[in-house]
Amino acid sequence: MLRAATGLRRAVAALAALMAYLAGWNYVFCAVFVTGDIIGRNVFGVSSAATVEVTGYMLACGIAWGLAHTLARRAHIRVDVLLNQLPLRARAPLHLLSLVLLTGFALFCAWAAWSLWDESALFDAHDNSALRIPLIWPQGIWGVGIAAFVLMCAVLLLEALLALAAGQPGELDRLLGSRSLQDETEEALEAVRMARGG
Amino acid sequence: QAPIPPGPRIAITAITQPLPTQPQYTRVDQPLIRDGLRTASNGRIEVTLATHAERNLAGTEIVRLVRSGQAEIGAGTLTTLSGDVPILDGIDLSGLAPDITLARRIADAMVPVANRDMERFGTRIIATYPFPAQVVFCRQPFTSLADLRGRRIRTFGNSLVDFFNALGAQPTSIGFPEVYSALERGVVDCAITGSGSGAAARWPEVSTHISDMPVSWAVAAYIVNVSWLNRQEPAVRELIERTFREVSDRQWALGAEATRDGIDCNIGNREACRIHQLAARPMTEVKATEADRAETRRIFEQVVLPGWVRRCGARCGEVYNQVIAPLNGIRFGG
Amino acid sequence: MIAIVFLLGLLGALIFAAASGVSALPVAEILMLVGIFIVFFGAGVHIAAVLGVLAFLVGFLFSDRPWWMFAGQTLWGPSSNYVLVAVPLFLLMGEILLRSGLSGRLYSALNLWLNRLPGGVLHTNIVSCAVFSAISGSSVATAATMGSVALPYFQDTKYDQRWVLGSLAAGGALGNLIPPGITFIIYGLITETSVGALYIAALLPSLLVTGLFLLLIFLHGVRNPIEKPPAVPLVLKLRALRGLLPTVLLILLVLGSIYAGWATPTEAAALGVTGAMLFAAIERRLSFRLLNESAEATARNTALLGLILFGAFLLNYILTTINVPQALAAMIAEMPLPPWAVMLCIIGLYFALGTFMEGFSMIITTTPVIFPVVVALGYDPIWFGVIITMLVEIAQISPPDGTVMYVLQGMRPKPGPITDVFLGVMPFLLAYLLAVLLLLVFPEIALWLPGMLG
Ligand code: NA
Ligand code: NA
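Residue numbers (my numbering), protein chains in the order written: chain A, 51 to 248; chain B, 2 to 335; chain C, 334 to 787.
Bound conformation, chain A alone (with noise of 0.2 angstroms):
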């Protein structure tokens, strides 16, 4: 059981990665489109009159599509000093609650942003840029990057459930516990050693 949901919990993270991929090279497309943008308002007289509408839905979308490998990394954010003092008993249910609560915003989250893709199909609303986008596709990517933060979060919370139902509670803290030291030390010389020429 608990080998199983580990497999779907790494599919589900290898496509969360080629979603954040996707969502990196969407800033690379973007500051391609603005400096475009500055060069043809300045150079050749033209613009597309809609950067800042398109480049708005860039990021919202940039971001929806991050979350859920931020996730699978074990990026977003927790104030976890205290939580490191203690023993490793009570650390897994406080992991477990902590996942759960995050579970539950992104639920909300999700369901605003399908509520929001529907009324936009109800109104069948447009932007007011100059190339008048609808606004259910902008928002309905969005809401598809949240989506599979939701599945990160419900894949990773059986995997967890079904640790601390196995007894193994090392194995929890590993799987949501802060990222160790050592991750992100080797990623951080990573970066500089393929700066020193690699």
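Please keep in mind that the hints were generated in silico from the structure rather than gathered at the bench.
Only true hints are included.
What follows is a set of in silico ranges between Cβ atoms, one per label pair, in the way DEER data are often shown:
1. A:P137 - C:P672: 47 to 57 angstroms
2. C:V367 - B:R39: 31 to 41 angstroms
3. C:A593 - B:R246: 50 to 60 angstroms
4. B:N270 - C:L670: 35 to 45 angstroms
5. B:P307 - C:A660: 44 to 54 angstroms
6. B:R28 - C:L710: 22 to 32 angstroms
7. C:M785 - B:R246: 48 to 58 angstroms
Glycine included, every Cβ here is placed at the ideal spot set by N, Cα and C.
Knowing the structure of chain A, use the given hints to seat chains B and C with the ligands on it.
Positioned in the frame of chain A, the structure of chains B and C with the ligands alone reads:
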């Protein structure tokens, strides 16, 4: 006028103007909606009045705000709301109404038609009002609309984009708070906003010439939640409707007064500047010529109107010909 | 600890105000909410969830509106606000500069000039952060970039870890104050103040803060001398300055484009990214892998802030529907105190909020309400923008909650308790507060330059 019978307290939330400092808010909303309703109802009606800024709202979401019961009454400019209800844009197209009297007649005539769309979403327009005329501010001299060809102009909303494209200018999309520095540094050459809003945002510090020709009026509307209004006792409903008729009259009068006042404040005409902030560095007023007016009319007929009908649908063209064409004498489709 | 002390102080002020009849307050409920806040924080619940749960509780306890029916719009509106696009763009620029080695060269070039002063390489931390801040508008990005370059330098040295971490956190907290900065962009958005004028006004205050930091390190260095590295010939030092060149060019691009009128402050962030890619290409480091990894890191760090913003916006919406900030502002405004005392209260309020709030959500929630009060008191909007930004920066480095500190803690090559960061940052925090007080006494520090140029 039936007096309000005693009964339970009625709490109303009304989220009206964009900023708490605007004269539309301090000179009309606060005395009439907040204080007036309380007095006339012998203290039964308690209005919580707030602005978009205080509620962190962008202004585009007002219909949804009222529909979902966050506030009983909301207000916003029709262009901003037209993303949700396209027909609203038709009341305030660029170049539609050269003077404010006509603007009001068009708005009043369109309300019943627009309300058919609004009521699909559980809301209704209860009163219309204008902001001071939307005029062009430039950082370099110009003498007529034709001089704007090739300049970068900060616009918002579709019909302004159509209008300035047709003039050969280059509409540019920049958020309102960034316009001040954009004008200062020349990111844009010109920008359009209400004559009074420009004075309040201290645009005279960063621009030199202001046109007196109203491109549009930023017509706005108070929107009410229909099911809430229908639940009220007849006397209360009557009081609210009567109050908003008065609010509408006062706002239209203020709009006419504030349009001229905004220009006077911007050009440093101390005696005539009573409502807005007097510019420290006076601007030059550019009077509209007959040619400008004719050009505006032509662009409206040939570019702005067809563009709106294309966005809004064929039905909007028919509505326009039935309701507005008899008032301004310009028919859609010739 | 500071958070709790200040919360209690704040509550004391609230109760005092209620007792003196300014307005009636539901003290029991407020105490309960504060209690829940503290317990959840202690239990390690995610910050976003804490804010979300608080929003639910406040909503169901105090609001008679169906606020949840508007939640979609509450979350969507601000997160699709184009002004905030500057956040991921500044983060992305930092990631690219880090991975292409440009920030490393900046650090070593400055180090040759500074490492023989008392306090040594610690000076380099501050100065390199300050220089980097002149391209980056994000404190988190500044701390992350310079932190990952600097921390490996201090491995196996005699420098006190606390001072190393503290100086890097403090340097990161210059990221928003030295123009360009996201806080100014947001403040300008909310209050309709000129971002360009804010940038100019921030120049002298940011020099003041940087100077105070350097002075602090100098004093620390004099009291705790360590062996100086051998002197380097001037020729080598001058040659090393070439390492500064890309950074200086980027500063010219980002700030220059704003003042030359090519780009708005938000757009300039995008130019920074493109410029960083250009320099990476010139260095022959631009690759798919570099961009891909920078993209992932940016997505992760933006999502991390974005989730907190979700919680903050929801709480913010509910607090405003029940008029809490308005009541608070009215209370402060009605206090029978002279303006400077009211301003001290406001600064105290922000400092208290800042200990446990993200600077970001703090400014979005409070500015619309506090700003009219400040203007009514006769204070200059530009001056207050600088003060707010300094307080937001202080919030980023005031324990127990501050993103800049977490980011640094996450990057330490050798593990250690986060209290190292907390303690290390303390002297710098006090120096920052001193600068705020100096600005309160001498507003000209901020207003002189804009007055000269305007
Ligand atoms: Na900066
Ligand atoms: Na803090």
